[in-house]
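Visitor: Using the hints, position chain U against chain W.
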Amino acid sequence: MNSNEAPIIEVVDLVRKFGDRTVLNDISFNVHRGETLVIMGGSGCGKSTLLRHMIGSMKPTSGSVKIFGEEIATMKEREIGRVRQRFGMLFQSGALLASLTVGENVALPLFQHTERSADEIEEIVKQKLQMVGLTGFEDLKPDEISGGMKKRVGLARALALDPELLFSDEPTSGLDPIMTAVVDQLTLKLAHGSHMTAVVVSHDMTSAFRIATRMIMLGHGSIVAQGTPEEIRTSTNPEVHQFINGEADGPIPLNLSQDEHEHHQHVKPRPFVSARFRFHHKTP
Amino acid sequence: MVILLAAKLSAFFDPRVLSFCASAYRILKNYLQLNISLLYWILIAPFTGQFFKISPVFRQMVFIGVRAAPMVALTAFSVGVTLAMQAAHSLQQLGAEIYVPDLVMVTLLREMGPVLIAVIVIGRSGSAVAAELGTMKVSEEIEALEVMAINPVQYLVVPRFLAMLVMLPALTIFGNYIGVFGGWAVCTFALDFNTAGYVLRALQSADTWDLYSGMIKSAVFAWIVITIACNAGLHVEGGAEGVGQATTASVVQALLAMLVTNAVLTGIFFFAV
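Going down the list, the protein sequences come from chains W and U. At position 31 of the first sequence (counting the first as 1) the number is 31 in this note's numbering, and the numbers step up by one without a gap. At position 16 of the second sequence (counting the first as 1) the number is 16 in this note's numbering, and the numbers step up by one without a gap.
Bound conformation, chain W alone (with noise of 0.2 angstroms):
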């Protein structure tokens, strides 16, 4: 890791309101090319948010976001494509075409972006396909796997052109435990071998430890606290011990108060009323 050389990913005071409700606020990290970070918080804290502005389909309400130096805020949409085939992004669900197989979801950021032979892009894909332990799958339908290999098959396609950059939304959630360590040894021998830098968003402990060379933890929208993996765990923030040590009692609120809650006005609390008058159609 060069510390000289310009971040990859440079966060600038990132600020994202939808409405009254600020998700975001006063954001501002980098990220350095080789670097492997987590992002992690509990659900709702706007860790899936930033990474949507990082990958540009957000608009930041203000601040910026530079990917390789490039400021993707302010970018138009056929200029933030050219930036986009540089990085990967695994989504959560993976996000395969159900309309294609295996094999052609992993073919077609292939097929769109490079002028390589069908024959060329095949034994790409079986090549992708067996880092993430899917050989002989190529023609089975996204709805034939299991929710962990769609994943997998995510996976494989974010990596299909060698991206300098890969963003992953919970790489391992719905895993078992040797494919999560799978999937964290490639992730490893990405970043060490090929200098692919990581950005991770993460509520898996065990997965985030392995991997990270620096954490973020979010709560309420703004970071609570960076460092490396050993400052997180030696932290004294009540909030980031009980988080990486999933406790239930602390100072990360479980449910949303009332006030909070008069955002979403469509979901009106309910008054109390017990299941056995309910279903008998009387009031109590």
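Simulated from the structure, these hints should not be mistaken for lab results. It cannot be assumed that every hint is accurate.
Pairs of lysine-lysine, DSS-like flavour, derived with a Cα cap of 25 angstroms [claimed, not checked]: (1) W/K17 <-> W/K59; (2) U/K137 <-> U/K53; (3) W/K126 <-> W/K141; (4) W/K126 <-> W/K150; (5) U/K53 <-> W/K126; (6) U/K29 <-> W/K76; (7) U/K137 <-> W/K141; (8) U/K29 <-> W/K59; (9) U/K29 <-> W/K17; (10) W/K126 <-> W/K189; (11) U/K137 <-> W/K76; (12) U/K53 <-> W/K76; (13) W/K141 <-> U/K53; (14) U/K137 <-> U/K29; (15) W/K17 <-> W/K66; (16) U/K53 <-> W/K59; (17) U/K29 <-> W/K150; (18) W/K17 <-> U/K137; (19) W/K17 <-> W/K76; (20) W/K150 <-> W/K189; (21) W/K59 <-> W/K76; (22) W/K76 <-> W/K66.
Guide: Here is chain U on its own, set in the frame of chain W:
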């Protein structure tokens, strides 16, 4: 008086009216954007080296067009038979049965053919396209395409659009044949026509403009049907329920737009040509 007027005016600012206007505006804006981007990918992008792939166009032609052929045939045959019987009923009273083939032919070519076959295609292929794209949208597939730097309009909409633009007029010609065949069945088996007489009479009555005006209508309908279906599908929000709503909305919007356009086009052909 003033109060009454104010009350009437304030009805326009009712939140329900306003939200309806807002959603209508949003749909129209999305629709226009889709059309512009569609034209860009078909007409301009190929000259900048970004060709769309041709094989998906044929796949969609099979799905949108070829598989709809049996339904179109059945519909067109029933319509041809009905037209002939209704015409015979009225014309017999005037002793003018000889004009039955004329009526069947002209009505089918100019009006019933394009409109009814568009109705079938809206119900069958338009709704399927809206549901398919909507499902892709809610399962993050569209976003995945975008992140892979594949434009969803180029990859998904262009093949469906071109397929529809070819197949709806083709189905209309096919339907016209079957409809005229239905008319023939009535004329030869129930009225005093022989085949040669029917064909001759039918061909004499129609001129090429009857066919062309029907084809123009059909091409315009194709444009309307597929862009409305794709627009509804690409802007689905809210899971499976949203897909259902978008599918229904696409059928309703496409039917209304198609019928209104039909009236406008008929008006143009009637007064201007």
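Visitor: Given the hinted pair W/K150 and W/K189, is their Cα-Cα distance within 25 angstroms?
Guide: With Cα atoms ~21 angstroms apart, W/K150 and W/K189 stay inside 25 angstroms; holds.
Visitor: For the pair we were handed, U/K29 and W/K76, check the Cα-Cα distance against 25 angstroms.
Guide: holds, 19 angstroms
Visitor: Run the distance test for W/K76 versus W/K66: straight-line Cα separation, threshold 25 angstroms.
Guide: holds, 14 angstroms
Visitor: Check whether the Cα positions of U/K137 and W/K141 lie no farther apart than 25 angstroms.
Guide: Holds - the C-alpha atoms of W/K141 and U/K137 are around 18 angstroms apart, at most 25 angstroms.
Visitor: Would you mind confirming whether the straight-line C-alpha gap from W/K126 to W/K150 stays at or under 25 angstroms?
Guide: holds, 16 angstroms
Visitor: Is W/K17 within 25 angstroms of W/K66, Cα to Cα?
Guide: Satisfied, since the Cα-Cα distance of roughly 19 angstroms is no more than 25 angstroms.
Visitor: Below or equal to 25 angstroms on CA atoms is what counts here, so check U/K53 against W/K126.
Guide: holds, 24 angstroms
Visitor: Just to be careful, I want the Cα atoms of U/K53 and W/K59 compared with a cutoff of 25 angstroms; is the pair within it?
Guide: Answer violated: U/K53 to W/K59 is near 30 angstroms, above 25 angstroms.
Visitor: Please work out if W/K17 and U/K137 have their alpha carbons no farther apart than 25 angstroms.
Guide: holds, 23 angstroms
Visitor: Decide if the proposed pair is consistent with the structure: U/K29 and W/K150, CA atoms, cutoff 25 angstroms inclusive.
Guide: violated, 36 angstroms
Visitor: Given the hint that W/K126 pairs with W/K141, test it: the Cα-Cα distance must not exceed 25 angstroms.
Guide: holds, 16 angstroms
Visitor: Check the hint pairing U/K137 with W/K76 against an upper bound of 25 angstroms on the C-alpha distance.
Guide: Roughly 21 angstroms separates the two Cα atoms, so the pair holds.
Checked against the numbered hints given earlier, this structure breaks hints 16 and 17; the rest are met.
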